[in-house]
Amino acid sequence: MLKVRVIPTLLWKDVGLVKGIGFDSWRRVGPILPAIKVYNTRQVDELIIVDILATNEKRRPDFDSVRDFSADCFVPLTVGGGITSLSDVRELLRAGADKVCINTAAYNNINLVTEISNAFGAQCVVASIDAKKNYSGDYECYSNSGKVPRGISAAEWAERVEKAGAGEILLTSIERDGSHRGFDLELIKSVTSRVKIPVIAAGGADTPKDFIKPVLEAGASAVSAASIFHYTQYTPLDVKIEMSKHGIPVRLVDR
Amino acid sequence: MAVLIIDYGMSNLSSIKRALEECGADVFISDNPKDIKKAERVVLPGVGAFADGMMNLNNRGWTGAIKEEVLTNKIPLLGVCLGMQLLADKGYEGGETEGLGLIPGEVSILNKKNESERIPHIGWNEIKKVRHDKLLDGISDNSDFYFVHSYSLNPKDNYCILAETPHCGSFVSIVKKDKVYGVQFHPEKSSSNGFLLLKNFLRV
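The listed protein sequences correspond, in order, to chains A and B. Numbering-wise, my numbering puts 35 at position 35 of the first sequence, and it's gapless, one number per residue. Numbering-wise, my numbering puts 174 at position 174 of the second sequence, and it's gapless, one number per residue.
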């Protein structure tokens, strides 16, 4: 049976690992390379690494750093931040990424999703969607690390990126990000019920128990988190042990 | 052990190279079919669509070189993901296309058996051994490997099936015919189980 994945997300700024609250108040957590090595040793299901500055600084992804990150990483690696062209993607894959994660660039040019999907396969394109509830109660998409509202709902945008060729969706609740208030089930449900591709739910995890509902009640295929792994003693394995107690199929690596 | 990774423009080659090196192989990546003569093992990696994959193999002169080396000289070959699918007679992704024809069978899209199943099939899933082979030495039944794909190879001959995986009913995840092997998952991204399998491939 296909296992539900637990995916640590590493946000990266300059050479450091950072974590914010609500896509703001960034705090330095430590150097990034040792963190990647620890997760590799722990045989995590997957890793997502996002350069949170690249897009807003209007620069290309930092290929050299990605090469360093992937050198000793034998778990699947998704890389995001600053991707605007097919050649960026080609170079990232060459640098050792297995999948790329597109957010801002997709709003500016949805054809990019299709181009990547055609060239490297749908499984290679993860569409990242950051959403926040607006005054009328809809989940609205934001680009540029949560700064620019896009005037479209998360569910509608999810459907469009799926149609454009995305193989997966990384769905993050901006309000729950770093909040330790648990996942936003309503947001997750609104998207999983609209698309057929897998949805990775992110934003808000505080304890291993929080990972149960997004899967059992909201249809997430994978769950992702950062703060819980940076700031608490919980490891991805602790989370998976809790999930398995609730009958969720997970990959328990004995180490 | 000299291992050739075929570069036909369809893959992230660095992780499979690093993984094989970690297993003790001397790995070289080449886009020149003549180099296949120097190889003791051949790895055909790949992500993307079947039609594009075959077009690239054909255009770069790999198709004949691979067939000769594998069929005549019996050099062991491992196809990974799209590389496994290309071993078939025929594929339908990106239009009906003739494959390498090393494993009799066709490649078709996975079919959902219930609403909760999603395609692409992405993530960790187990292999159910159908037949034991050296490639699976030390790898227990139900071991998890990392998959990312929407299509799978259906071999004509059951004897070619080494393992199956339960998703969309069940699909074939490992094939073998003579010295030709194919795995639908990514051993280079499957942690310790993946390394075991690659080490076994160096010994077959």
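Calculated directly from the structure, the hints in this document are not laboratory data. A virtual CB, placed ideally from N, CA and C, is assigned to each residue, including glycine. Careful: at least some of the hints might be erroneous.
Unchecked claim - Just some of the chain A residues that point at chain B, by a computed CB distance under 8 Å: (1) Pro34; (2) Asp68; (3) Gly96; (4) Phe120; (5) Gly121; (6) Ala164; (7) Gly247.
Right, here's what the structure says about each hint:
1. Pro34: violated, 19 Å
2. Asp68: Check failed: Cβ of Asp68 of chain A comes no nearer than 12 Å to chain B, outside 8 Å.
3. Gly96: Holds: closest Cβ of chain B sits about 5 Å from Gly96 of chain A, inside 8 Å.
4. Phe120: holds, 6 Å
5. Gly121: holds, 5 Å
6. Ala164: violated, 15 Å
7. Gly247: For Gly247 of chain A, the interface hint is violated, since the closest Cβ of chain B sits about 14 Å away, which is over 8 Å.
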